[in-house]
Amino acid sequence: MAHRNLLYLLSLKELRTRYKKSVLGWAWSLLNPISQMLIFTIIFTYVFGQNPLAGDPSGLKNFPLYFLCGLLPWNFFAITTSTAMGNVQNGAGLIKKVTFPHEHLVFSVVVAQFVTLLIETIILFVALTLAGQTPLVWLPILLVLYGLWALFTTGVALALSAANVFFHDVQYLWSIVSQLLFYATPVIYFIPLIKLDALRNVANYGPTGSFIVAFHDVLYDGRMPSIARVGYLAVLAAFTLAAGAWIFGKLSPRFAEQM
Amino acid sequence: MAGDIALSVDHLVKSFRIHQQKTNSLKQLIAARGRNRYDDFVAVDDVTFDVREGEVFGIIGQNGSGKSTLLKCMAGILQPNSGTVQVFRRMGALLELGAGFHPELTGRENIFLNAAILGMGRREIALRFDEIVDFSGLHTFIDQPVKTYSSGMYVRLAFAVAINVDPQLLIVDEILAVGDVSFQRRCLEKFVEFRSEGRTIVLVTHDMGSVKNLCDRAIWLEHGKAIDEGDPADLVEAYTERMLGGAAPAADGSVRRGSGEIRITEVEMFTQGDPTPVKRCRTSDSIVLRLHYQAEKTVPQPVIGIEIQSLGGATVTAPNTRDVGMVPPNMSGTGVVDITIPRVDLLPGTYDLHTSITDFNRAYVYDHVQLALRFDVMTGKPYETGGLVTMRPQWSLS
Ligand SMILES: Nc1ncnc2c1ncn2[C@@H]1O[C@H](COP(=O)(O)OP(=O)(O)OP(=O)(O)O)[C@@H](O)[C@H]1O
Ligand SMILES: [Mg+2]
Chain A
1 MAHRNLLYLL SLKELRTRYK KSVLGWAWSL LNPISQMLIF TIIFTYVFGQ NPLAGDPSGL
61 KNFPLYFLCG LLPWNFFAIT TSTAMGNVQN GAGLIKKVTF PHEHLVFSVV VAQFVTLLIE
121 TIILFVALTL AGQTPLVWLP ILLVLYGLWA LFTTGVALAL SAANVFFHDV QYLWSIVSQL
181 LFYATPVIYF IPLIKLDALR NVANYGPTGS FIVAFHDVLY DGRMPSIARV GYLAVLAAFT
241 LAAGAWIFGK LSPRFAEQM
Chain B
1 MAGDIALSVD HLVKSFRIHQ QKTNSLKQLI AARGRNRYDD FVAVDDVTFD VREGEVFGII
61 GQNGSGKSTL LKCMAGILQP NSGTVQVFRR MGALLELGAG FHPELTGREN IFLNAAILGM
121 GRREIALRFD EIVDFSGLHT FIDQPVKTYS SGMYVRLAFA VAINVDPQLL IVDEILAVGD
181 VSFQRRCLEK FVEFRSEGRT IVLVTHDMGS VKNLCDRAIW LEHGKAIDEG DPADLVEAYT
241 ERMLGGAAPA ADGSVRRGSG EIRITEVEMF TQGDPTPVKR CRTSDSIVLR LHYQAEKTVP
301 QPVIGIEIQS LGGATVTAPN TRDVGMVPPN MSGTGVVDIT IPRVDLLPGT YDLHTSITDF
361 NRAYVYDHVQ LALRFDVMTG KPYETGGLVT MRPQWSLS
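Residue numbers (my numbering), protein chains in the order written: chain A, 1 to 259; chain B, 1 to 398.
Hints are computed from structural coordinates only; laboratory data are not their basis. We put the CB at the ideal spot given by N, CA and C, even for glycine. Any given hint could turn out to be false.
[Claimed, not checked] Which residues of chain A face chain B? A few of them, derived with a C-beta cut under 10 Å, are: (1) Asn-90; (2) Gly-91; (3) Ile-95; (4) Arg-223; (5) Met-224; (6) Ile-227; (7) Ala-256.
[Claimed, not checked] Which stretches of chain A does chain B cover? Using the computed rule of at least three CB atoms under 8 Å from a CB of chain B, they are: (8) 96-107; (9) 229-241.
Please construct the entire structure, taking both the sequences and the accompanying hints into account.
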């Protein structure tokens, strides 16, 4: 790929600027999902008095681990999309002065967030192992799923960040939409417990939900997701990426004069 | 290879949509029900030219005439509406005060980032890193974020990066405007060096001196149209005239401006012992330049100056009465000012003499005559084949 060196430097910058100014540095990136997980666990256990469902066939019955299995990839998606919009906007100084592939401003965020996701996943693997699971068996399929999830996320990020150059309130709109998406995605609840059929279908087959279900399959339940689902995810990822790339490619030549 | 085309611009048109209301938010778009009214503003209008390999090509024109827009199209940052730009050489561009820097990153990181954008490998840029920092002179600031830099520092770094990535074609917009004198000098030296190495430079600047001295050819933009192209000295002269209130040249080719309370009415040149005015002299002659003035009212503390320029546009000398502490308290009526030059050090060639009368601060111009006298210097003693003046060197070989 042309400008590989540029992507490397921009990704490094993403990783560095994020944590440079804080004393705890990298620890913050881990603290965030952990604190979310703690809050959800406390609310569901002590406020709603719920019990987690058991993983099938893993037998795992644990709120914190269930939440983390969905939260880590979800945060990757949510943070990447919103940061990418900001990164393209902050890249005005570059875009107006030099010619370079603008999509690298998006790709670098994806790369940096993906590295973060992988590091967080290592911690999750340690926790799962301590809980008596054998997550390493599932590593290859998990990486495939993570890869598809990253392609899907890239597509969404490309489309949003291109649109945001032309209409700045895309980013505000997106912060609302992504919150709605979060609740439409089975991160903090179990699909079998949903009472309404329509809602269950959204959670199970919605664009983000269908990915999270697969992550739960692999990490929490300890089983292979159905071939049909993996195929569906691959199509979803390919389609979203193609659409995002098309939109970005159409709009990016006009970035410089719009900024 | 000299004579090859380095860059070709063909019928380039670039227009901007000027919206009645800027629609950067959906609310505004919805309020306008999608029928957002706009006008097309043509910033670059059907411009065609070629830049030859090894040439310094100038672009002049007043503010808003489309120079920067044209350069951005050349650099591929803006998409032209129609027409083409073809770049045949490795190009480096310095657009409008600085390169693309990321404000949060340090100078060091930005150097690497820029080099990467320009397509250099990490090892390649590491080799040149010291050279870049040396040229920018920003050693102590190189690990500070560039958002803390002054605009001059910003440009220094940008220029240092741009010239060190080895461009064969350098596009520069107004680089000289914010640098200090020492940096401007180094930029000019670098341009001259580039030119002598056969590299190509496209230069946008409001500094007419550098257009005349540096450029081989120039183009003049007005309202986006290329209204003239050719020899920089001619272009600059025509352009300066137009800019300074449309003063038309007199029959003898001189151009006058200024408020006119006092004027130089005539300039004569005499060689020693000859009472008839002449238009030529020899190297080492003794001459007198006689300026006739006429004042309509009493003018306090006028500073009278002359400037002698070579045909190439280089100012050879520009003395004035303030520099020698000879400013009269006031001047009125008519009279003459004699400037005796005991020994002319000019080498053979044609020279132009400009005169000026200003107030003491040299800010308010009573009278300025461009090309008050054109005279020739002919071969005398000593004779040298190059340069404009002789320093009367004494050679000794051993
Ligand atoms: N992104 C833009 N959107 C709308 N109009 C623009 C845009 N960029 C430039 N223009 C307009 O195009 C015209 C030409 O601008 P340009 O910057 O090319 O002038 P210039 O010749 O470089 O002037 P200067 O000598 O001041 O640098 C101006 O009238 C300017 O308002
Ligand atoms: Mg300009």
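Hints and how they fare:
1. Asn-90: Holds: closest Cβ of chain B sits about 8 Å from Asn-90/A, inside 10 Å.
2. Gly-91: Result: holds, 8 Å to nearest chain B Cβ.
3. Ile-95: This interface hint holds because 7 Å falls under the 10 Å limit.
4. Arg-223: With a minimum Cβ separation of about 44 Å from chain B (threshold 10 Å), the hint on Arg-223/A is violated.
5. Met-224: violated, 42 Å
6. Ile-227: With a closest approach of 41 Å, the Ile-227/A hint is violated.
7. Ala-256: With a closest approach of 5 Å, the Ala-256/A hint holds.
8. 96-107: Result for this restraint: holds, n = 5.
9. 229-241: Since three or more residues must qualify, the claim that chain B covers the stretch 229-241 of chain A is violated, with 0 doing so at under 8 Å.
In summary, the numbered hints that this structure violates are 4, 5, 6, 9.
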